[in-house]
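Assemble chain U onto chain Z, guided by the hints.
Number of protein chains: 2
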Amino acid sequence: MPEVESRKAAARQKFEKLCADPLPLDLTRGKPCAAQFDLSDELLRCVGPGEVRDEAGNDCRNYGVPDGLPGMRALFAELLELSAEGVLIGGNSSLALMFDVLSALRRDVWREPAPVLLCPVPGYDRHFTLSAHLGFGMQNIAIGANGLDIESIERAAADDARRVKGIWIVPRYQNPTGYTLRDEEVQALARMKTAAPDFRIFWDNAYMVHALEDEPAPLANLQSACAAAGHPDRALHFGSTSKISFAGGGIAAFGGSAANVEWMRRQRIVRTINGDKLNQLRHLRFFRNAAGVRAHMRRHAAILRPKFEAVQRGLEAELKDTGLAEWTKPKGGYFVSLDTCAGHAQQVCALAARAGVKLTPAGATFPHGKDPQDRNLRIAPTFPSVEELERAIAVLGVAIQVSAA
Amino acid sequence: MPEVESRKAAARQKFEKLCADPLPLDLTRGKPCAAQFDLSDELLRCVGPGEVRDEAGNDCRNYGVPDGLPGMRALFAELLELSAEGVLIGGNSSLALMFDVLSALRRDVWREPAPVLLCPVPGYDRHFTLSAHLGFGMQNIAIGANGLDIESIERAAADDARRVKGIWIVPRYQNPTGYTLRDEEVQALARMKTAAPDFRIFWDNAYMVHALEDEPAPLANLQSACAAAGHPDRALHFGSTSKISFAGGGIAAFGGSAANVEWMRRQRIVRTINGDKLNQLRHLRFFRNAAGVRAHMRRHAAILRPKFEAVQRGLEAELKDTGLAEWTKPKGGYFVSLDTCAGHAQQVCALAARAGVKLTPAGATFPHGKDPQDRNLRIAPTFPSVEELERAIAVLGVAIQVSAA
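First to last, the sequence lines map onto chains Z and U.
Heads up: the first sequence is residues 30 to 434, going by this note's numbering.
Heads up: the second sequence is residues 30 to 434, going by this note's numbering.
For the record, the hints were derived by calculation from the structure and aren't laboratory data.
One should not assume that every hint holds.
Note that the list lumps identical chains together, so a pair holds whenever it fits in one copy or between two copies.
To be verified - For lysine to any residue, the following SDA-like pairs were computed, each having C-alpha atoms within a straight-line distance of at most 25 Å: (1) Lys-43 <-> Ala-379; (2) Lys-387 <-> Asp-88; (3) Lys-387 <-> Ala-85.
With the rest of the complex left out, here is chain Z:
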């Protein structure tokens, strides 16, 4: 097939040209860009001298109100679809809340060697690092175009001989696939029989309002579903404003049943007196309520849409109908997930690096950094400009062709 051969040669030539003039580009992490932060800059001046009390009269400069400002709890309750009493406000990081919850469960409740967490893959690398750090075993669960492999989840969770204690879920616009759980998947997670009576769903709603369209994708209410199924304590909810206001400068929240909130309250009062209420107050004044957050996120979407479109355009231009890669077309979130042919992801990463494009290391989306098929790559389009993205995706596309050749 001389045509195939000439296509391969053309790709190699193109690649060498790109390597000769490498433009350093970074597609590794899901960082917002400066234009997104500019949308929140008013937040920096909405709590000035003499404006330090919330509506309940709390002087936010002093100790106290460990559960978080009532208004902030109400705002997160709306976003997470929980009651205000079902929400506790944290510091600046939902990952830290997850760490603290897992750490306390591991220390006081799940003390056997290597209790197992189910990990939909590809998934969020920091969930896996955290789990390994705290001594959890991990079992991969496939998440693909058809959604979660619910059958495997049910089988693993129900296995009396094993120690499966929970599952990580990013329910809306999952990292990195962008997949949003369908109703029947939420129901199945809520209803399924589990061998562990204290099985927990770690519901990391990191992209709850991060739509590229006007409205976030519909998502069933896990808490109601769990309660209706007789498992009110099964779900632990997490969210933050890191990709809404300022990254690492926002507000995180934990939510769950009354029993879980009371448990968390007792845990965390030992660790700290309260969160930063001044920053809570800033967020409350700036956003007012969930509708304010959603309006704000439509302005984010206007910035991000062209970037996600550039990724799709670029991938289609380089790879459409080649059979060399498949990728997701997310309607929200922070990533595009791309699968090369089996055995090529690491090599593609290395090739892209030679041409200046830094990708999240192949395997990072799997527990212990090991993608059994060496296929998955995560693309983070939010931080670079459209022009940079176009260049980077072109490099990636050519790297995939060269790797296959």
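Showing chain U alone in chain Z's frame:
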């Protein structure tokens, strides 16, 4: 002794009068007062839109710089008398940093049942709650007018048959005695032989700049002393601005040897991506350097001095030469420690409560809330006004007399 009897009767009468008209007063927690916070209000507007980069050029609205802003590390290094590389910036709470350190040590290093921490008493209740929560045993060590009981510390730390792993120390203006360690005590802690090769001093420098006088009491440099004694990794340092800028709205820091900093860096990157750099930047702009912090603390002292004087005046008026109580005369910090006759502290607390004055529960300054002699009471003068304090101390004085009668 009819004179004694009539004095007792007079005290009882006075007490009943106070009870008849109770004014609710709270001396329980070391909370700054609003006037102190007012001194920091400029901090609320020193990072506005377009002012979000530090001197190193970091956009403080985005992820990154997990160790903390270089300028903030340098500022804390000056305050804690460490090198800037020896400091990591945390969130808003030094207690949280202590929790994370102890929790990690307990999980990964000190795994035997109930490793022991030495606890100078009276001491800070939250140190003890945290230790108990993480499964540490605690041994009381006396701290009195003559300082730390170094002999007991050395004996306990050197005991091969036990599992003594560390000691809690609030080195300057200790909570609640106000005691500052003398050079020879710092040297002894640095030099002493310990059975545990990884013995740790938890150096909670909570009141490092909190003098009631113009300059803080001299304090030897523990880190240098430990290094000189061949134990560079023995000391772990903690500090925060909670009682400098805003309580629970400030910046905390961890410090130690290169090895300890690297260990902590590896631990905490699993838990969170970074601290709130915008709040770091506010503090950096507002204080500039350690000299700025010290000047600021002289303004705090001007507010607090009359309050501490009112406590001394009141206690002397009610209790001088009665032999019913002894109390400390701190030159900084947030508390006065008062000892009643043995067996009276709980009763005094209950009596004071009847007259409207809420005291920290008797025993709170000891592990497990148990003061073996039932003597110690902690007085927190910072939050109430001078008038409220005068009234509250009068109630306390009378309650002590009535209890003794």
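To see whether the hints hold, each was checked on the structure:
no., hint, result
1, Lys-43 <-> Ala-379, "within (16 Å within a copy, 84 Å between copies)"
2, Lys-387 <-> Asp-88, "between (46 Å within a copy, 21 Å between copies)"
3, Lys-387 <-> Ala-85, "between (49 Å within a copy, 23 Å between copies)"
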